Amino acid sequence: MTENSPSQQVVELTRQEILDRARQGDRKVLPQIRKILDDAPDIARGLGNLEDHTREVMFDRTAGKDLVRREAQSRFLDDLKAQIAGSSPTVLEALLASQIVLCWQHLRYAETIFAQARDYTLAQEDSYQKHIDRAQKRYLNAIKTLAQVRKLDLPSLQFNIAASGSKQLNISSK
Amino acid sequence: MAWETRNGRGRYYTRSRRVNGHVVRQYIGAGIAGELAAREDAQRLAEREERRSAWMSQKREMEAIEDLVDERRKVLMALTGATLLHAGFHRHHRGEWRKRIDREQS
Numbered sequence: 010m011t012e013n014s015p016s017q018q019v020v021e022l023t024r025q026e027i028l029d030r031a032r033q034g035d036r037k038v039l040p041q042i043r044k045i046l047d048d049a050p051d052i053a054r055g056l057g058n059l060e061d062h063t064r065e066v067m068f069d070r071t072a073g074k075d076l077v078r079r080e081a082q083s084r085f086l087d088d089l090k091a092q093i094a095g096s097s098p099t100v101l102e103a104l105l106a107s108q109i110v111l112c113w114q115h116l117r118y119a120e121t122i123f124a125q126a127r128d129y130t131l132a133q134e135d136s137y138q139k140h141i142d143r144a145q146k147r148y149l150n151a152i153k154t155l156a157q158v159r160k161l162d163l164p165s166l167q168f169n170i171a172a173s174g175s176k177q178l179n180i181s182s183k
Numbered sequence: 002m003a004w005e006t007r008n009g010r011g012r013y014y015t016r017s018r019r020v021n022g023h024v025v026r027q028y029i030g031a032g033i034a035g036e037l038a039a040r041e042d043a044q045r046l047a048e049r050e051e052r053r054s055a056w057m058s059q060k061r062e063m064e065a066i067e068d069l070v071d072e073r074r075k076v077l078m079a080l081t082g083a084t085l086l087h088a089g090f091h092r093h094h095r096g097e098w099r100k101r102i103d104r105e106q107s
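Chains A and B, in that order, are what the protein sequence lines are.
To convert, count from 1 in the first sequence and add 9; that's the working numbering.
To convert, count from 1 in the second sequence and add 1; that's the working numbering.
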């Protein structure tokens, strides 16, 4: 029985494991990363869907059935996202800008929930505070990441989106 | 809080509370006094249970939303890392991202 070589072991990693390794700067997964980046529209679309879903869940809590309030909040967040992303963002910058806005919305949600809370115990107050602290940390980290990516000035990255039966669409990130 | 009977001589209501680490049972009484105290205690217990249940539901909702935000963050951070590696950057001592210098060419 032969043992798997390191490269074979990498091949057997799941996409999430590869991405986790990439996050840590492991160059052994570079070939797999190239493949994943070819499929990046999938990921970008998935992130977009997840963002929409999360936003809606928070709107349910902060605006309820009030459609005017919902729409106003939605527009405000879209404006904020556009301002942070700037006039010609790369795909990655746009995704990071939307993460900043999502984290900001989450922070506001956490603060609102705490402000509305009544008759809470000391343990519950501690839980609310920790929740707010984590939201704030996530928000600041999102800002830091976008600043880092902008500072590094990445070369253009092209995503090829080709849905079955449709025309090929090339999105240049820069 | 409980109704008790002693030697078959009717029932009476008592309350237990903690004083200096010891449980002290307070005699409330039988009849109307016991009934009123029992009703008051039951209502207080129900309110406490309602608050606890509301808190648990709130906590579950907060955690669910936080999980969604965090899930997106994880995927995005991984995608950022992948993009940077692909573009020739590396993490210096698992810290900041730096451009890889090709020593053979330089």
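Hints may contain errors.
[Stated by the list, open to error] FRET-style restraints, in silico, Cβ to Cβ:
no.	chain 1	residue 1	chain 2	residue 2	range
1	B	E48	A	E134	34 to 40 Å
2	B	R12	A	T121	45 to 51 Å
3	A	S97	B	A65	31 to 37 Å
4	A	D128	B	A43	17 to 23 Å
5	B	W4	A	V77	35 to 41 Å
6	A	G55	B	A43	49 to 55 Å
7	B	L46	A	A126	55 to 61 Å
[Claimed, not checked] Going by beta-carbon spacing under 8 Å, a handful of chain A positions derived as facing chain B:
no.	residue
8	L28
9	M67
10	T71
11	L131
12	Q133
13	Q145
14	L149
15	K153
[What the hints assert, rightly or not] Here's a subset of chain B near chain A, in silico, CB distances under 7 Å, partners left out:
no.	residue
16	S17
17	V20
18	G22
19	L69
20	L77
21	T84
22	H87
23	A88
Since the hints were made in silico from the structure, they are not lab data.
Since this is a predicted model, take the numbers as computed values, not measurements.
For glycine and all other residues, C-beta sits at the position ideal for the given N, C-alpha and C.
Here's how the hints hold up against the structure:
1. E48(B) x E134(A): 34 to 40 Å: violated, 19 Å
2. R12(B) x T121(A): 45 to 51 Å: Given range 45 to 51 Å: holds, Cβ gap about 49 Å.
3. S97(A) x A65(B): 31 to 37 Å: For A65(B) against S97(A), whose Cβ atoms are near 36 Å apart, the range 31 to 37 Å holds.
4. D128(A) x A43(B): 17 to 23 Å: Holds: the Cβ-Cβ distance is about 19 Å, inside 17 to 23 Å.
5. W4(B) x V77(A): 35 to 41 Å: Once the Cβ atoms are compared, 55 Å apart, the range 35 to 41 Å for V77(A) and W4(B) is violated.
6. G55(A) x A43(B): 49 to 55 Å: holds, 51 Å
7. L46(B) x A126(A): 55 to 61 Å: Between L46(B) and A126(A), where Cβ atoms are some 21 Å apart, the hint is violated.
8. L28: With a closest approach of 3 Å, the L28(A) hint holds.
9. M67: Hint holds; M67(A) Cβ to chain B Cβ min 6 Å, cut 8 Å.
10. T71: violated, 11 Å
11. L131: violated, 13 Å
12. Q133: holds, 6 Å
13. Q145: violated, 12 Å
14. L149: violated, 12 Å
15. K153: violated, 11 Å
16. S17: violated, 21 Å
17. V20: Not OK, violated: V20(B) not within 7 Å of chain A, min 21 Å.
18. G22: violated, 20 Å
19. L69: With Cβ-Cβ at 4 Å, under 7 Å, it holds.
20. L77: holds, 5 Å
21. T84: Constraint on T84(B) satisfied, holds at 5 Å.
22. H87: holds, 5 Å
23. A88: holds, 5 Å
Checked against the numbered hints given earlier, this structure breaks hints 1, 5, 7, 10, 11, 13, 14, 15, 16, 17, 18; the rest are met.
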